[in-house]
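Residues per chain are reported as follows:
Protein chains: 2
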Amino acid sequence: MPARLLSMSQFTPTERTKVRRKPDRGSYDRELIYKILDQAFVCHAAFIADGMPVVVPTNYVRVGDQLFLHGSPASRLMKALSSAPFCLSVTLLDGIVLAPTAMGHSVNYRSVVVMGKAEIVEGHAAKLAAMRDFVEYVVRGRWETVRPPTEQEIKATMVLAVPLVEASAKVRTGFAVDHESEYDRAAWTGVLPFQWAAQEPVGDPRGNLKIPVPENIARYSRPQ
Amino acid sequence: MPARLLSMSQFTPTERTKVRRKPDRGSYDRELIYKILDQAFVCHAAFIADGMPVVVPTNYVRVGDQLFLHGSPASRLMKALSSAPFCLSVTLLDGIVLAPTAMGHSVNYRSVVVMGKAEIVEGHAAKLAAMRDFVEYVVRGRWETVRPPTEQEIKATMVLAVPLVEASAKVRTGFAVDHESEYDRAAWTGVLPFQWAAQEPVGDPRGNLKIPVPENIARYSRPQ
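Which chain is which? The protein sequence lines are A and B, in order. Under the numbering used here, the first residue of the first sequence carries the number 41, and numbering increases by one thereafter. Under the numbering used here, the first residue of the second sequence carries the number 41, and numbering increases by one thereafter.
Accuracy of the hints is not assured; some may be wrong.
Copies of the same chain are indistinguishable here, so a pair counts whether it falls within one copy or spans any two.
Said to hold, decoys possible - Calculated lysine-lysine pairs in the DSS-like style (CA-CA distance at most 27 Å, straight line):
no. : residue 1 : residue 2
1   : 195       : 250
2   : 119       : 157
3   : 75        : 58
4   : 119       : 62
5   : 195       : 62
I should point out that these hints are in silico values taken from the structure, not numbers from a laboratory.
Generate coordinates for the entire structure from the input sequences, incorporating the hints supplied.
Structure (structure tokens):
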């Protein structure tokens with residue numbers, strides 16, 4: 041059954057991923073969820089430590105129907121995520137919604153929540169492949185230009201695979217939805233869009249500054 | 041004692057906020073922590089629901105030594121945050137660190153973790169003041185131009201105050217730190233900075249499009 045589930049275009053809402061609050065903003069569409077995941081590369085992972093909820097930002101890469109996470113096996117985050125179910129969220133802030141009323145203000149965003157249970161990726165080849173995915177996910181074309189991980193570096197890194205089984209998205213777009221009669225006041229109304237954008241690259245003085253900035257960095261963009 | 045604690049310039053690291061992993065990146069400096077909090081307005085709040093960790097993005101405003109959160113009293117988030125201790129995190133992604141080795145790659149970021157226990161803000165005046173803070177925190181000068189909340193709107197909104205008592209920051213800046221001998225390869229190395237930036241405002245066709253975009257929106261910026 042899991043294999044079949046993974047090939048479906050919609051996630052099945054569960055007790056834990058069902059969007060209850062403003063359900064019209066909720067979606068279980070795999071393509072939409074993957075698009076949101078692929079635009080970002082930092083998530084917030086929540087776990088329970090000593091009976092308390094803890095949330096920590098961390099990097100991820102999506103490869104097919106799973107996410108990979110990585111870190112030091114000694115870190116509290118990796119210990120927690122490798123030993124119990126957890127939750128992670130990715131949020132893209134798309135804009136501030138300026139309404140004629142104070143309470144009508146809102147933000148436009150696209151967010152994903154994943155309920156996860158991780159499997160530890162074992163074996164040199166599988167871990168090396170995940171490392172490559174990490175580098176290529178953040179900067180396409182980078183892997184070929186850098187020194188690959190040594191066996192020791194790979195051994196010192198924990199890689200977790202999180203099958204994407206329980207996930208949902210929540211999206212708000214567009215203008216405010218205040219009552220028509222509110223719009224005759226003098227306040228400017230609309231949306232102020234926001235974007236995470238790469239700025240001018242800064243060369244490392246320890247590196248060879250004669251090497252021109254490659255196109256994949258000079259014209260960096262995330263899949264939109 | 042709490043009153044005294046709150047006036048100190050450093051948070052006292054606790055079992056839960058002590059930065060263990062890469063402690064050189066950790067800070068308990070109140071000014072730094074407030075600066076990071078003030079640049080963003082979306083956090084990720086983690087709580088426990090049915091024994092499972094859950095993380096949800098939500099808006100906040102910092103006012104003095106506390107954060108305010110708000111939402112519908114019927115929402116799972118507000119119910120959870122008003123009834124038990126929780127954790128929230130704010131992360132600003134500042135750049136991609138391009139190293140000569142695969143494993144030397146990193147991200148520059150500034151993040152804050154707050155261990156919180158919320159108090160429900162009661163009373164019309166206190167809630168109205170928090171609403172004003174919300175609007176003014178996101179867009180300075182906006183409050184005067186919009187229709188203030190009605191008594192009914194205020195009643196329908198739950199406002200939570202979270203005293204900033206347990207908090208820590210984690211910051212990475214600068215270039216890669218690979219061994220000198222790695223830098224003689226042909227890979228370009230450096231930092232690709234990232235910034236959340238406001239784009240061109242888009243007027244709402246339901247509003248009066250003859251109103252010029254005010255300066256606080258046309259030249260929007262967050263405190264850096």
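Against the structure, the hints come out as follows:
1. 195 <-> 250: Neither way: residue 195 and residue 250 sit 34 Å apart in one copy and 63 Å across, limit 27 Å.
2. 119 <-> 157: both (13 Å within a copy, 25 Å between copies)
3. 75 <-> 58: Within one copy, since 19 Å is at most 27 Å while 35 Å is not.
4. 119 <-> 62: Only across copies: residue 119 and residue 62 sit 16 Å apart there, 35 Å inside one copy, limit 27 Å.
5. 195 <-> 62: Result: close only across copies, 19 Å inter versus 45 Å intra.
The structure does not agree with numbered hint 1 stated previously, though it agrees with all others.
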